[in-house]
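**Student:** Residue numbers (UniProt numbering), protein chains in the order written: chain A, 1 to 427; chain B, 1 to 427.
For the record, the hints were derived by calculation from the structure and aren't laboratory data.
Small disclaimer: the values here were computed from a predicted structure and weren't measured.
Any given hint could be a false lead.
Given that identical chains are not distinguished, each listed pair holds provided it fits within a single copy or across any two copies.
Unchecked claim - No farther apart than 35 Å at their CA atoms in a straight line, the calculated lysine-lysine pairs in the DSBU-like style are these:
#	residue 1	residue 2
1	82	15
2	412	106
3	36	204
4	107	412
5	425	278
6	107	420
7	33	343
8	8	40
9	19	82
10	235	185
11	422	412
12	8	82
13	422	8
14	107	19
15	242	45
16	278	8
17	207	36
18	242	36
19	412	207
20	346	419
21	346	98
22	242	185
23	419	15
24	40	98
25	235	343
26	343	8
27	82	346
Below are the chains, spelled out letter by letter.
Protein chains: 2
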Amino acid sequence: MEGIYIVKGNIIFTKTFGKFEVFENGYIVVEGKCVKGVYKNLPEKFRNIRVIDYGDAIIIPGFVDLHLHASQYGNLGLGLDKELMPWLQEYTFPEEAKYADINYAKKVYSALIRDLWRFGTTRACVFATIHKDSTKLLMDLFAESGLSAYVGKVNMNRNSPEYLVESTENSVYDTEEILQEYSTKYELVKPIITPRFVPSCSMKLLKNLGNLAKKYSVPVQSHLCENNDEVRFVKELHPECKNYASVYDSAGLFGDVPTIMAHCILVDEDEIELMKRKNIFIAHNPNSNCNLSSGIAPIRRFITRGIPVGLGSDISAGHSLSMTNVIVNSAQVSNLKWLESSKVDKPFSTAELFYLATKGGGKFFGKVGSFENGYEFDALVIDDSSLAIFRQLSIEERLQKFIYTGDDRNIKDRYISGKKIKEPKCY
Amino acid sequence: MEGIYIVKGNIIFTKTFGKFEVFENGYIVVEGKCVKGVYKNLPEKFRNIRVIDYGDAIIIPGFVDLHLHASQYGNLGLGLDKELMPWLQEYTFPEEAKYADINYAKKVYSALIRDLWRFGTTRACVFATIHKDSTKLLMDLFAESGLSAYVGKVNMNRNSPEYLVESTENSVYDTEEILQEYSTKYELVKPIITPRFVPSCSMKLLKNLGNLAKKYSVPVQSHLCENNDEVRFVKELHPECKNYASVYDSAGLFGDVPTIMAHCILVDEDEIELMKRKNIFIAHNPNSNCNLSSGIAPIRRFITRGIPVGLGSDISAGHSLSMTNVIVNSAQVSNLKWLESSKVDKPFSTAELFYLATKGGGKFFGKVGSFENGYEFDALVIDDSSLAIFRQLSIEERLQKFIYTGDDRNIKDRYISGKKIKEPKCY
Chain A
1 MEGIYIVKGN IIFTKTFGKF EVFENGYIVV EGKCVKGVYK NLPEKFRNIR
51 VIDYGDAIII PGFVDLHLHA SQYGNLGLGL DKELMPWLQE YTFPEEAKYA
101 DINYAKKVYS ALIRDLWRFG TTRACVFATI HKDSTKLLMD LFAESGLSAY
151 VGKVNMNRNS PEYLVESTEN SVYDTEEILQ EYSTKYELVK PIITPRFVPS
201 CSMKLLKNLG NLAKKYSVPV QSHLCENNDE VRFVKELHPE CKNYASVYDS
251 AGLFGDVPTI MAHCILVDED EIELMKRKNI FIAHNPNSNC NLSSGIAPIR
301 RFITRGIPVG LGSDISAGHS LSMTNVIVNS AQVSNLKWLE SSKVDKPFST
351 AELFYLATKG GGKFFGKVGS FENGYEFDAL VIDDSSLAIF RQLSIEERLQ
401 KFIYTGDDRN IKDRYISGKK IKEPKCY
Chain B
1 MEGIYIVKGN IIFTKTFGKF EVFENGYIVV EGKCVKGVYK NLPEKFRNIR
51 VIDYGDAIII PGFVDLHLHA SQYGNLGLGL DKELMPWLQE YTFPEEAKYA
101 DINYAKKVYS ALIRDLWRFG TTRACVFATI HKDSTKLLMD LFAESGLSAY
151 VGKVNMNRNS PEYLVESTEN SVYDTEEILQ EYSTKYELVK PIITPRFVPS
201 CSMKLLKNLG NLAKKYSVPV QSHLCENNDE VRFVKELHPE CKNYASVYDS
251 AGLFGDVPTI MAHCILVDED EIELMKRKNI FIAHNPNSNC NLSSGIAPIR
301 RFITRGIPVG LGSDISAGHS LSMTNVIVNS AQVSNLKWLE SSKVDKPFST
351 AELFYLATKG GGKFFGKVGS FENGYEFDAL VIDDSSLAIF RQLSIEERLQ
401 KFIYTGDDRN IKDRYISGKK IKEPKCY
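With the sequences and hints as input, model every part of the structure.
**Tutor:** Below, the structure is given as structure tokens:
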């Protein structure tokens, strides 16, 4: 059988929210890009297929990062003593302005992609900057690496520094050029409409972007209700809209095509109802929400209401690309939210958060983030032999120990859409 | 000049709470165990002294971990979906019981010490278990490694599983044996009186321990007001005492000798006043407090009141030995506390938390945690060349980037009390 191979190891994934499926010393049969089956005992018909035997290693789905700003990578770990609005002015906007220089972009973007690879992120939804050329470059670099990404040229035509602002016309024109050129250029790297957030986009720009989203059938990503000052500012800017979400909605940017909204900390009941009705994906970014003093998003309530949720690193408001770090931080803030909500919003288990970091975010990419039949084979091979283990642990416990105490050194191999991915080149 | 050497590099430390002292390409003159001076330009009289030139590396004081359970290291990263009391019963007590076996103790304790070294912790205040022999072994292993520690044989004579409980007589006898044998055995490793917490120690035991503390002039460490159920239980056990702290106080275990209390999340105003009056050191363990859903300690209020505070990893309720991880988590929860307190309790800056992780906790060890004259020379040499740096950064920014995005791979050398420490042996 051509194009078929088998991966053997201790397989663990979450088909269902909050429940691990475990195949100790099991087999994943991969045909082309996709999983053909997962087995405890290999069926007779697959006996002659090539087996890649990872021995006692753990095999998990690749991590999906549903929200990050590629152009902020140079600022990682810096300036995390501000709230959102001053942080944007003082640290973030000056850094993003550098991406007018394609050489700077190549250096930082390639380093970012190498590090996403390093930390086991196989799929990502990415904000670039307003700059057309470096955004195209970022897409080319992702494609070259083998990683999968939605990449957005950022749109900003108001309330932005003069060194980082576009005219409405240019913003729309450049966006459309990218859509025309990149919508079908790559299989694993796609454009996504990316208005920065309401404060930096006029209603005219938003409506134009809504039209482009429909015309080219491309998804949308933006920010929603992250910070008190931001929400207040949006209310001032749009007294005609009943809330923040409805600004996007009235521009056709809220779920008419698949849509990710990052943060959603301060959404009101009407907004939650709208998010549910329009099937908005929420990118939960706890590190960012802690670092910028934004608060704790009511993620348990979103999930109970059936709203899809994935996890995001949100660098560089988040300080770590590691999705295991994001899982741990998600667990921690969910524990604090449980206290804050007088024990109403139940804390998340490791299995629930693992689901959000794989299949939860993966849904935005299609059949991604699980080892069920027909899912694209995105996988990480975890060698935990260096971790502090002094007794026999179950596969679930070994995964938990990796998540809480391991790092990139424990990730031995990465697969995306059926292909083994080697270390991307840094320029 | 004999016994003198000079360390050269980018020196940064916090003499004052919240303020970095920086000596770019500076010199630290070390004589014997202690810092003799820090200079931007080396004075003439030191021109013939041997210089260890660390080039562009950053040199910082070693980290002080003011609270950790060595005997829980095997459980690191496991079972973090419980509150304190069930977590103790299901995960922690069964693990601690294994330390009756000296061979198991040697294996795990030596791995722990190697990893403390790896993460740049140069001083630690450590809980062992109730077992006398493995506690002595832990002290011997610390001494062999060159790391500095206070190590406590844990006392528990009630409300504990039958496989992990002592009689009052044995508990006191074994504790005194250790004090006699170890009080003067090592210079950098000392015993510390360690009643686990009020629920597991009768008043008779506590009073005996208070007497031993005075008799041998040794310090005390324990837990205080970590969790609601625990505080309620203490109130039931001691209706005669007006609060949790006063139980320790009435036994002579609350600041009559130098005393560390871990957590202090739920202390009341009377307890805060008593802590201030008795100069209690608070070990702030944010990872643990998040992982076990305990809450956020009001650390800003303690510091404003002048109560000494250090940081603790509190493994394995905390999941990481890395004190940089603890600094980041401390910043994050302080931001959330700022929101929770209606913006009264100001968030902590990196310089403030760096102080707590070095000089703040270091004070418990004497003149430790700074590069001021007369301080013991505990230092880490940080090579940040592997981090995502794409422009010229200040030394403060480089330190912040190391704290937020670096790890043990960036620590190139470690010094404790004037001596370079090599990787400890794992048994």
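**Student:** None of the hints should be skipped; say for each whether it holds.
**Tutor:** Structure-based check of each hint:
1. For a Cα distance limit of 35 Å, the shortest separation of residue 82 from residue 15 across copies, 24 Å, qualifies, whereas the shortest one inside one copy, 39 Å, does not.
2. Both within a single protomer and between protomers do residue 412 and residue 106 lie at most 35 Å apart by alpha-carbon distance, with minima of 26 Å and 30 Å respectively.
3. Taking the shortest Cα distances, residue 36 and residue 204 never come within 35 Å of each other, neither inside one copy (47 Å) nor across copies (67 Å).
4. Within a single copy, residue 107 and residue 412 get their C-alpha atoms as close as 25 Å, and across copies as close as 26 Å, so both meet the 35 Å cut-off.
5. In the homo-oligomer, the alpha carbons of residue 425 and residue 278 never lie at most 35 Å apart, since the shortest distance is 39 Å inside one protomer and 59 Å across protomers.
6. Taking the shortest alpha-carbon separations for residue 107 and residue 420, only the intra-copy value of 24 Å comes in at or below 35 Å, while the best inter-copy value is 37 Å.
7. Taking identical chains as interchangeable, the C-alpha atoms of residue 33 and residue 343 are never at most 35 Å apart, the minima being 44 Å within one chain and 51 Å between chains.
8. Taking identical chains as interchangeable, the C-alpha atoms of residue 8 and residue 40 lie at most 35 Å apart only when both belong to the same chain, with a minimum of 10 Å there against 58 Å between chains.
9. In this assembly of identical chains, the alpha carbons of residue 19 and residue 82 lie at most 35 Å apart only when taken from different copies (17 Å versus 38 Å within one copy).
10. Taking the shortest Cα distances, residue 235 and residue 185 never come within 35 Å of each other, neither inside one copy (39 Å) nor across copies (68 Å).
11. For the identical chains of this complex, residue 422 and residue 412 are neighbours both inside a copy (11 Å) and across copies (28 Å), given an alpha-carbon limit of 35 Å.
12. For the homomeric pair residue 8 and residue 82, the shortest alpha-carbon distance between copies (33 Å) is at most 35 Å, but the shortest distance inside one copy (47 Å) is not.
13. Taking the shortest Cα distances, residue 422 and residue 8 sit within 35 Å of each other inside one copy (19 Å), while across copies they are farther apart (39 Å).
14. Proximity of residue 107 to residue 19 under the C-alpha cut-off of 35 Å is restricted to the inter-copy arrangement: shortest distance 34 Å between copies versus 41 Å within a copy.
15. Taking the closest pair of Cα atoms, residue 242 and residue 45 never come within 35 Å of each other, the shortest separation being 60 Å inside a single copy and 74 Å across copies.
16. Proximity of residue 278 to residue 8 under the C-alpha cut-off of 35 Å is found in neither arrangement, the shortest distances being 40 Å within a copy and 60 Å between copies.
17. For a Cα distance limit of 35 Å, the shortest separation of residue 207 from residue 36 qualifies neither inside one copy, at 43 Å, nor across copies, at 67 Å.
18. Proximity of residue 242 to residue 36 under the C-alpha cut-off of 35 Å is found in neither arrangement, the shortest distances being 48 Å within a copy and 66 Å between copies.
19. Taking the shortest Cα distances, residue 412 and residue 207 never come within 35 Å of each other, neither inside one copy (46 Å) nor across copies (54 Å).
20. Taking the closest pair of Cα atoms, residue 346 and residue 419 never come within 35 Å of each other, the shortest separation being 38 Å inside a single copy and 49 Å across copies.
21. Proximity of residue 346 to residue 98 under the C-alpha cut-off of 35 Å is restricted to the inter-copy arrangement: shortest distance 33 Å between copies versus 43 Å within a copy.
22. In this assembly of identical chains, residue 242 and residue 185 lie within 35 Å of each other by CA distance neither inside one copy nor across copies; the values are 39 Å within and 72 Å between.
23. For a Cα distance limit of 35 Å, the shortest separation of residue 419 from residue 15 inside one copy, 22 Å, qualifies, whereas the shortest one across copies, 53 Å, does not.
24. In the homo-oligomer, the alpha carbons of residue 40 and residue 98 lie at most 35 Å apart only across protomers (34 Å), although the nearest pairing inside one protomer, at 52 Å, exceeds that limit.
25. In this homomeric assembly, residue 235 and residue 343 come within 35 Å of each other (Cα to Cα) both inside a single copy, at 31 Å, and across copies, at 22 Å.
26. When the C-alpha separation of residue 343 and residue 8 is checked against a cutoff of 35 Å, the pair qualifies neither within a copy, at 42 Å, nor between copies, at 53 Å.
27. Taking identical chains as interchangeable, the C-alpha atoms of residue 82 and residue 346 lie at most 35 Å apart whether they share a chain (30 Å) or sit on different chains (12 Å).
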